[in-house]
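Protein sequences, first through last, are from chains A and B.
Note that the first sequence ends on residue 573 in this note's numbering; no numbers are left out.
Note that the second sequence ends on residue 173 in this note's numbering; no numbers are left out.
Hint data in this document are derived by calculation from the structure and do not stem from the laboratory.
You may find that some hints are simply not true.
List of simulated lysine to aspartate or glutamate pairs, DMTMM-like, C-alpha gap at most 20 Å [claimed, not checked]: (1) A:Lys348 with A:Asp329; (2) B:Lys114 with B:Glu145; (3) B:Lys134 with A:Asp502; (4) B:Lys173 with A:Asp502; (5) A:Lys351 with B:Glu68; (6) A:Lys328 with A:Glu193; (7) B:Lys173 with A:Asp336; (8) A:Lys351 with B:Asp82; (9) A:Lys66 with A:Glu19; (10) A:Lys348 with B:Asp82; (11) B:Lys134 with A:Glu558; (12) A:Lys348 with B:Glu139; (13) A:Lys351 with A:Asp377; (14) B:Lys160 with B:Glu139; (15) A:Lys381 with A:Asp405; (16) A:Lys433 with A:Asp380; (17) A:Lys332 with A:Asp344; (18) A:Lys143 with A:Asp175; (19) A:Lys333 with A:Glu227; (20) A:Lys66 with A:Glu176; (21) B:Lys63 with A:Glu549; (22) A:Lys2 with A:Glu193; (23) A:Lys526 with A:Asp336; (24) B:Lys63 with A:Asp355; (25) A:Lys323 with A:Asp336.
Chain B is faced by these chain A residues, among others (derived, beta-carbon under 7 Å) [unchecked claim]: (26) Pro251; (27) Gly256; (28) Gln258; (29) Asn260; (30) Pro262; (31) Ile308; (32) Lys333; (33) Gly363; (34) Lys394; (35) Phe482; (36) Gly485; (37) Trp559.
Computed footprint of chain A on chain B, listed as stretches where at least three residues anywhere in the stretch have a Cβ under 8 Å from a Cβ of chain A [unchecked claim]: (38) 82-95; (39) 108-122.
Yeah, the Cβ is synthetic: ideal placement off N, Cα and C, and Gly gets one too.
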Amino acid sequence: MKGTGGALFVEQLKAAGVEYIFFNPSTGDAPIYDAMVDQTDIHLIKGVQEGVVVAMADGYARASGKPGVAIVAAVGLPNAMTQLVNTYKDRIPLMLAMGVPAREAESRGGAQQYDGQETLLTPISKWAWRTESAAGLPDITRKALKFASTRPGGPVSLWLSEPGLREEATATIVDEAAFNTPISMRPNKADIETIARLLIEAKNPLLTVGDEITLAQGEREVRELAELLGLPVMGSAVLGQWSTPFPTRSPLFLGGLQANTPALGQVDIHLNVGSWLGEQTARGAKLISIRQDPATLGRATPVDMGVIADPKLACADLVEAVKSLATKDRLKKIADERTRRVADYTEKARKLRHDVAMQFSTGSPIRLNRLAFELEDFLDKDTIYVADLDSGRKMEPLMNFGGDDKMYIGNGPAVLGWGISAGLGVKLARPDKPVIALVGDGSFLFGGPQPLWSLSRYQAPITVMVLNNRSYNNERNRIWAFGGGSQLSRGLDMTCYNGSPDVDIAKTAQAFGVEAEQVNDPETIKAALGRAKRANIEGRPYLLEVVIERDGIGGASEWHPPFSIASLRTRKV
Amino acid sequence: MHKLFASAFVCIAMAAGGAAVAQPADNPLLPEGPGRDRVVAVCTSCHVSRAFAQVRENANGWKNQVSEMILIGAQVSPADMDAIVGYLSTAFGPGTRLPGPPSQAVDLPDGAAKILVLGSCARCHGLDRVAGAKRSPREWDHIVERMAFYGAPLDEGQRKTVVAYLTEHYAAK
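With these hints in hand, go ahead and build the complete structure from the sequences.
This is the structure:
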């Protein structure tokens with residue numbers, strides 16, 4: 001094909017199956033957008049800040065399994081990087097591209113250039129390259145998409161030379177199948193038999209599960225393995241983990257990852273599948289870890305047996321190996337006995353959580369447990385629940401995710417300002433699923449109102465829920481509870497109170513053309529959710545600002561360091 | 001930089017360094033007593049013992065704290081809950097000494113509620129925590145209500161008297 005570098009770039013993206021380019025433009029990358037004028041199979045989705053652009057592409061990639069493609073202005077790279085940390089740590093496939101001047105021009109130090117800019121991305125890119133000519137641009141684009149999506153995936157960075165985007169050249173465009181062969185690594189058969197024997201003979205086993213299962217779409221296989229052997233399971237979205245690959249409603253499900261397992265006592269065999277964090281659970285047990293990512297296997301905790309493999313294939317092979325090593329009757333006996341033991345705990349724990357939550361479910365401001373009950377009751381089971389929350393994570397053990405229940409998509413590193421943009425990306429990937437994106441006031445203020453612009457521009461029919469306790473509430477709880485110090489002993493919240501000024505978040509959304517309302521009374525939550533759902537059905541976004549209790553140590557305080565810049569003046573100017 | 005990040009309360013220690021499992025010998029701040037073993041087994045999965053030792057609350061308050069932890073996934077059975085609340089409210093209830101250096105001395109202004117403040121607030125924390133900030137009447141009201149729930153021995157009338165006193169002497173402009 002003959003065309004400008006911009007046109008060749010767009011054609012190669014199309015040939016690779018890319019449907020959306022998330023972007024915020026700069027002058028130098030205009031040839032890309034020139035090439036988009038007559039395109040109908042690939043669409044531009046604009047964000048008005050680079051962090052929004054990356055978070056939209058990231059959400060799209062998590063929900064679609066395809067690489068997100070983002071183009072931002074090079075000078076806005078630091079904004080993009082904040083959100084790219086989520087992408088990098090969670091191994092999400094994403095290609096981030098920026099237009100840059102020719103090397104010679106850069107050496108003169110332009111107004112928006114600084115030496116070493118490209119190295120900023122090195123620690124959080126799986127691969128980074130620079131294109132110089134139009135002729136070479138499709139080839140490098142193919143490599144970037146291949147490296148982003150080859151598991152373990154991750155963000156790759158492309159620096160596109162602006163002269164290379166403008167000039168015309170002839171280059172070959174290649175379909176994705178010819179350069180990006182999916183890789184599924186089957187585990188070694190002998191390893192699988194060893195693990196199967198250990199799991200059958202174990203006295204007190206544990207299975208921890210993680211995001212690599214979600215990325216490999218291995219939820220069914222891991223569930224079959226757990227049920228076949230009656231394995232207690234831990235692992236849902238917590239700090240460091242972004243998905244819930246095992247149904248939380250299952251009687252085998254013990255909850256999120258923790259350093260030890262009081263409910264089980266001392267575990268003897270711990271099988272971890274697809275989670276770097278899971279390796280840090282159940283100290284003292286024999287640890288077998290099946291991971292997709294060799295770089296993080298055993299990085300924080302030594303493992304007794306490490307296996308690099310596709311978690312979906314590994315679980316499927318384990319199921320077959322277990323079945324071949326024991327009779328059906330023996331396996332049933334083992335599974336029944338173990339399941340009875342763990343189900344006795346999980347049933348009581350579920351009841352205890354419910355009873356505890358019911359004790360504190362009335363009154364205004366709204367308590368999180370009441371909101372959890374309302375959401376669990378209202379949301380359709382096929383809803384995708386996009387969570388960028390801190391205090392609001394308390395709702396999750398009272399709700400059901402995974403399996404036949406809601407799909408959970410979060411962000412492992414929990415970098416704020418991700419959720420609303422990611423929710424838009426998720427809806428693009430899965431337009432026929434209801435999507436609710438939940439953020440705290442901390443994330444809303446940190447991310448800024450810019451995602452609302454994209455929601456409004458593209459009529460993204462999602463519900464956004466902002467949980468407003470006017471504080472970095474869990475941050476204060478952590479600082480005071482873990483660190484103690486003068487803030488605790490003196491009762492002075494130096495850092496976390498956000499309520500002055502008390503931003504009217506619903507009004508902010510309305511200013512961007514997004515319908516919104518504030519919810520203060522727990523009795524009105526359901527009706528408000530109904531209005532949001534109606535708007536979504538009719539093709540419009542809707543924002544609910546839910547004012548929630550600011551709980552925990554120091555939660556009653558509204559004090560913040562009194563300081564006024566106006567008072568510094570010696571004359572009133 | 002930390003403000004960029006939110007995190008799940010329950011696993012912060014684990015995620016931060018992976019050395020979260022505290023053994024009994026590592027918990028000198030936890031005095032002997034019934035229920036201590038359950039606190040060590042359950043609570044120190046995620047918390048260092050200082051998190052409990054620096055707070056003073058009665059059974060209501062500790063039950064509330066433990067409930068919050070159950071809601072975010074602490075592996076607690078009903079029997080554990082009673083044992084843990086019993087231990088914490090005994091070891092770290094109102095009137096037990098706080099670790100660390102004594103708080104700054106504060107000379108409270110005279111007034112009807114001075115003796116109430118001395119007999120309630122000072123049972124759990126230094127008076128510098130009372131006198132350290134100017135607060136709105138709404139805030140004082142909210143704080144005193146919470147403190148009563150956590151164990152400040154004040155009836156409804158006394159709470160009103162204390163709020164009026166604090167508002168008079170430590171009110172935000």
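Hint-by-hint comparison with the structure:
1. A:Lys348 with A:Asp329: violated (28 Å)
2. B:Lys114 with B:Glu145: Holds, at about 17 Å.
3. B:Lys134 with A:Asp502: holds (19 Å)
4. B:Lys173 with A:Asp502: At roughly 18 Å apart (the allowed maximum being 20 Å), A:Asp502 and B:Lys173 satisfy the hint.
5. A:Lys351 with B:Glu68: holds (15 Å)
6. A:Lys328 with A:Glu193: holds (17 Å)
7. B:Lys173 with A:Asp336: At roughly 66 Å apart (the allowed maximum being 20 Å), A:Asp336 and B:Lys173 break the hint.
8. A:Lys351 with B:Asp82: With a Cα-Cα distance of about 16 Å, the restraint between A:Lys351 and B:Asp82 holds, given a limit of 20 Å.
9. A:Lys66 with A:Glu19: holds (10 Å)
10. A:Lys348 with B:Asp82: Between A:Lys348 and B:Asp82 the Cα gap is close to 15 Å, so the pair holds against 20 Å.
11. B:Lys134 with A:Glu558: holds (10 Å)
12. A:Lys348 with B:Glu139: violated (38 Å)
13. A:Lys351 with A:Asp377: holds (17 Å)
14. B:Lys160 with B:Glu139: holds (13 Å)
15. A:Lys381 with A:Asp405: This hinted pair holds, its Cα atoms lying about 5 Å apart.
16. A:Lys433 with A:Asp380: This hinted pair holds, its Cα atoms lying about 9 Å apart.
17. A:Lys332 with A:Asp344: OK: A:Lys332 and A:Asp344 at ~18 Å, within 20 Å.
18. A:Lys143 with A:Asp175: This hinted pair holds, its Cα atoms lying about 12 Å apart.
19. A:Lys333 with A:Glu227: holds (12 Å)
20. A:Lys66 with A:Glu176: Answer holds: A:Lys66 to A:Glu176 is near 12 Å, not above 20 Å.
21. B:Lys63 with A:Glu549: Roughly 18 Å between the alpha carbons, so the hint for B:Lys63 and A:Glu549 holds.
22. A:Lys2 with A:Glu193: It is violated: about 55 Å lies between the C-alpha atoms, which goes past 20 Å.
23. A:Lys526 with A:Asp336: violated (40 Å)
24. B:Lys63 with A:Asp355: holds (13 Å)
25. A:Lys323 with A:Asp336: It holds: about 15 Å lies between the C-alpha atoms, which stays within 20 Å.
26. Pro251: A:Pro251 check fails; min Cβ-Cβ to chain B is 15 Å, beyond 7 Å.
27. Gly256: Since chain B brings a Cβ to about 5 Å from A:Gly256, closer than 7 Å, the hint holds.
28. Gln258: holds (5 Å)
29. Asn260: holds (5 Å)
30. Pro262: holds (5 Å)
31. Ile308: With a minimum Cβ separation of about 21 Å from chain B (threshold 7 Å), the hint on A:Ile308 is violated.
32. Lys333: Interface hint status for A:Lys333: violated (26 Å vs cutoff 7 Å).
33. Gly363: violated (12 Å)
34. Lys394: holds (5 Å)
35. Phe482: holds (6 Å)
36. Gly485: Violated: closest Cβ of chain B sits about 9 Å from A:Gly485, beyond 7 Å.
37. Trp559: This hint holds: A:Trp559 lies near chain B, its Cβ roughly 5 Å from the closest one there, short of 7 Å.
38. 82-95: As far as the segment 82-95 of chain B goes, the hint is violated, because 0 residues have Cβ atoms under 8 Å from chain A.
39. 108-122: Result for this restraint: violated, n = 0.
Checked against the numbered hints above, the structure breaks hints 1, 7, 12, 22, 23, 26, 31, 32, 33, 36, 38 and 39 and satisfies the rest.
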